Amino acid sequence: MADNNTNRKPTPMEALEAENQKNGMGLKARRRIGNAVSYVVLILISIVWLAPFVFLIFQSFEVSSTGWSSRVWPKQWGFDNYVYLFSANANFNRWYFNTFIIALFCCIGQTLMQIAMAYVLSRFRFKMRKPLMNFMLILGMFPGFLTMIILYTVLKDLGMTGANAVPGLILVSIASSGMGYYVIKGFFDTVSKSLDEAAMIDGATRAQVFIKVILPLTKPIIIYAILTSFMAPWGDFIFASYIAFGNPNGYNVAVGLYEWLGTEQISYHYTHFCAGGVVVSIPVIVLFLMLQRYYVEGVTGGAVKG
Amino acid sequence: MATVVLKNVKKIYNGGVLAVHDFNLSIKDKEFIVFVGPSGCGKSTTLRMVAGLEDISEGECYIDDVLVNDRPPKERGISMVFQNYALYPHLTVYENMAFPLRLLRGKEKMSNDEIYERVTDAARILGITQYLARKPKNLSGGQRQRVAIGRAMVRPSKVFMMDEPLSNLDAKLRNQMRAEIILLRKKIDSTFIYVTHDQTEAMTLGDRIVIMKDGFIMQVGSPTEVFDRPANLFVAEFIGAPKMNTFPAKLVKEGKKYHVECFGCKLPVEGEKADELAAANIETMDVILGVRPEHMVFSEKAGDGLIPCEIAVNEMMGSEVHLHVNTLDNPDKPTSLIVRIPTVGLTTAQRQNLVAGTKIYIGFEGKVMHFFHPLSIEDQVLQNVAARKEKGMSAEGIAKIADMGEEKARDLIQELIAKELLADHKGRYVVTPAGKVEAEKIKDTNLLYGPGEEAAASQANI
Amino acid sequence: MAKNVSAIEMLGLNRFQRFGYNFLNFFRLLPGRIANLFVKIGLFFKNLGIKTGEYFRNLVVGFKEGTWQTRLTYLVMGFSNFTHKQIARGILFAGFEVAFIIYMILVGGKNLSMLGSLGVVARQIDDFGVVTYVDNSFRILLYGVLTLFFIAALVYTWSLSVKQAITNQKLDEENKKIKTDKDDLHALVDRDFYKTLLALPAIGILVFTVIPIVFMILVSFTNFDKDHNPPINLFSWVGGSNYGELFNFTAGGASFSATFGEILLWTLIWAFFATFSNYFLGMLVALLINKKGIKLKKVWRTILVLTVTIPQFISLLYVSKMFGENGIVNQTLIDWGWITINNKIYFWKDPNLAKVTVILINIWIGVPYLMLMVTGILMNIPADLYESAKIDGASPVQQYFKITLPYMLFVTGPYLLTSFTGNINNFNVIYLLSGGGPSDINLFKAAGKTNLLITWLYTTTVSDNNYALAAVIGVMVFIVVALISLIVYNLLPSNRNEEDLA
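Residue numbers (this note's numbering), protein chains in the order written: chain A, 1 to 306; chain B, 307 to 768; chain C, 769 to 1270.
Bound-form chain A, shown alone (with noise of 0.2 Å):
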């Protein structure tokens, strides 16, 4: 019997008391400790990932001869690269400007044929619905670059190249944007359909069901992708560069600044370029910690549907 005793399993409940008796009182210290690594990684990974940033603002104040700087702590601060940045020697102001231009009519364009494209195949049933999304899903799969040379032919002839790019960048990035229409889908999907019906009982046209019902109701989506869409052209500078092709007055932000980094004038405009970059985030940074709310919404619904 005694045998008996000591070779049966413990019954459930007694394994749990003897764990809790094995643990004791360290169970809260065991999570403390636990607590305690996990900041110091989250420490870490703050230092590594704000280091760059925190770099880049401490050059900007650099005082330099050449313009160069391979040093974090700079020897002499000042405003100088800032006052260089609006003097009328540097093309900057008129980058700015047109970087702005570009993201306010992107902005605009772009939601707009986004959010049509997104209503349309999520709320009608048309025969042509499926061949146009798997066709638009296949031309997705092509490399945007692989047309710029023809683009830029076309622009040309429309004369919205070299000084006159700012034209030709935003009629280039809205008019094909319908087909990054899979997020804002996403979020209609998730609305119900009942809704467009018990509209359209009350005597709603599908525009006014689009209007009055379903753009209220997502709000969050289309936000975000005003958000995303006024974002994006301020890092936009491949075609940017393409188009714009030598003319400095064409250029956004990101080609003039990429530029100032060339072998020939980094030695000079290095330290430019750090202050440069700081004056353009710090729009895009209060405008996204404004709306961040939104954009963390768009990011996950995107990743489930996707």
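Because the hints were derived from the structure by calculation, they are not lab data. Since we're looking at a predicted model, the values are computed, not measured. Do not take every clue at face value.
Claimed, not checked - With a cut-off of at most 30 Å between alpha-carbon atoms, the simulated DSSO-like pairs for lysine-lysine come out as follows: (1) C:Lys931 with C:Lys853; (2) B:Lys316 with C:Lys994; (3) B:Lys443 with C:Lys1066; (4) B:Lys478 with A:Lys212; (5) B:Lys316 with A:Lys212; (6) B:Lys478 with B:Lys415; (7) C:Lys963 with C:Lys945; (8) A:Lys28 with C:Lys944; (9) C:Lys931 with B:Lys464; (10) B:Lys549 with A:Lys193; (11) C:Lys944 with A:Lys130; (12) A:Lys130 with C:Lys808.
Start from chain A and add chains B and C according to the hints.
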């Protein structure tokens, strides 16, 4: 005046699935019609075709003698309450109810004052005045339901439609709202089409009930008609709770009298039923016998014409007791019956005795019997295949349903294919022309009140 | 092993048996599936043939039985519409026909006729030495393609116009109401609202994506490069010889084919590491931040997300210079005395180090995005799953492997695919960090070692002006992406069970 007439209406989905077969119905002005049936029977589809939310594949739909097949919903003069309420989450209750009014144009255009008046009137009737400024998400289920009804009410319309309006409510609220709908109906005073899967709602609300299954109309009639004279086994089992007991029996004609043989007992057919059988000139045959649980009685002692049973489950419902019993005639395959006994008539001792395992005796009178054509195995298979629509089923599945060996099931399938009732499709079996299954289905009918008579009645209603 | 195992029997197999079964089954079913595909393609074309035949037969019948209005519509598009008071439709049809005719006379006809040769004479120099440019292959090809699209559009609108004429005639005969302009307008905001909404995006995509892609695919069959560069020179069709270069291995290491192979391999390796390093590290960071007891969750998240916010050309260019020869990293290490000025770390000059560096910096760029996404999904995992797992006695690690990971993989399966193909085309990270370098003279045109196909495409276009080969690379990128998508999509759990539903 608002009549609704559906003529040979069909719904065929992409891929050829028939959701509604040849639907014919004429709804009178101010009539309260209920479409009822299990899920997937096509009742909602039919309603949505009338509303204009689904295209009508074939046939014609008239509202007030106007062909509306190609009219958008807003031009059909209808209003509708949805199952999930479909309230606009971004608008307040007031704006939700005013929404249809603000969309009116031309002659019907309403001023703000008129809209205010109409909305507050409706809100008063429904008792939701204090919630008018709230958003739908701050309302309970019942309140949302009222708002949805209110929104449908304010819109000037000829036909008022409700698509399972109560199914998202809890049981208690559902009963309360059901009563309110009856009261509301008098105030709204228009033609109603109401869809539900709940036979109680259908029975209590409808002037006439349309019972549907697998896209077919099984019976159209008043609550009394469908309860007393079910057209077929499906209607018989669907209407009434707990459901009607049905079991195979033999109907025997002896001279001018009839009796049935079942569970080793011989029970005479009496009253009107016997007269009707004689009038219809029914000979001796195998039938499915149906008896409603409330028409059965029990006894603790054996007796003539009483079926020996053993209690399996005793459900105490309060006002009555539901006894689930197994017959003892065949120990290998007992038949399961339900008996409904009012609690009032039971002594305390009896109530204590009626527990699982107790042997009791069940009886019923000759005038409460319903007779149905028995279903052949073929019918069973076909019905099951039809119920599964395009997916078809394997010999394995058929063997399970029809309670036969797989070998035999395969033979049966071959036979059915030879009769062109099924078509081979990659090892699965699907129904070919819908019409054939339909033809087979008519076999499953009430011996006395078959669809022929019903169709005539329906015609007369027009 | 590879025989039919029922779903129930599957449950009894262990993980390896199941994998083995699925694996073998995949190949067992493969021939059948391929055969099925061909049958489907065959059927598709058969149906297409039958349908188009029927379509045109109807048009012929329509002409035979047509009234004079209908018959005239076969010549003058929209005529029937005018006679039936459908003025708006009539103007659109007739206007399109007129525009087409004018276009053909002015531009289309000439370019279409030269599409076969792509021009005969590039330029002429007259006696005074003045150069006049005659044929421009680029424009001939461009406007030739455009003309083909125009013709297709005309055939479509013509058949549309004829069909409407036939319908109008039929409605006349049946004495039914014909749709008016007002009806059309109403429909465009109601039943046909989708046409209104689609019009602009569809035209945009057609003009700025479809036609250019068709054009570039055609360019890949020409010898359009800096020696055949209009308007100075003509270029001409060379058939499939550019693609032939891809399989021409005789020229050795510096050949186009060998370079393509090497860059393709690195592109795939890069895409794999870039996708999965971000995915798992992002998940780890998200779990860390979401851990119970960690405070200031929002602060940690915002710190990380800053990298996503700042335009990539700033953050990436800056980091690229940081790791440069004279950048902060080397300078700091020298200051600390860890290295000397003579043995700096050449992050961008050593090919292997450059490859590792871009992958690591990509983690810095990509993890925050993944962290955000994962956080959102983690919150969607039903809490009762964890509760029931705890009651069943699962440890946190087991919970992760049995619940979190499978759920994540299931939900983010499609995302992983798009992320993988996105990384194949991840121009920014490579171009801004290493510029594709360091270049290797043993490769075709001294291509860079960290080049992806897409950056190679860019440099081939911009620096070498070899447009034909760039087009070939572009088409190959498409084929690679399409193949991967097709295979992976079929293996994703979210669509795998479609066939098993009975």
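Quick rundown of the hints versus the structure:
no. : hint                    : verdict
1   : C:Lys931 with C:Lys853  : holds (16 Å)
2   : B:Lys316 with C:Lys994  : violated (66 Å)
3   : B:Lys443 with C:Lys1066 : holds (28 Å)
4   : B:Lys478 with A:Lys212  : violated (36 Å)
5   : B:Lys316 with A:Lys212  : violated (33 Å)
6   : B:Lys478 with B:Lys415  : violated (40 Å)
7   : C:Lys963 with C:Lys945  : holds (23 Å)
8   : A:Lys28 with C:Lys944   : violated (84 Å)
9   : C:Lys931 with B:Lys464  : violated (38 Å)
10  : B:Lys549 with A:Lys193  : violated (36 Å)
11  : C:Lys944 with A:Lys130  : violated (33 Å)
12  : A:Lys130 with C:Lys808  : holds (17 Å)
In the structure shown, a violation is registered for the earlier hints numbered 2, 4, 5, 6, 8, 9, 10, 11, in ascending order.
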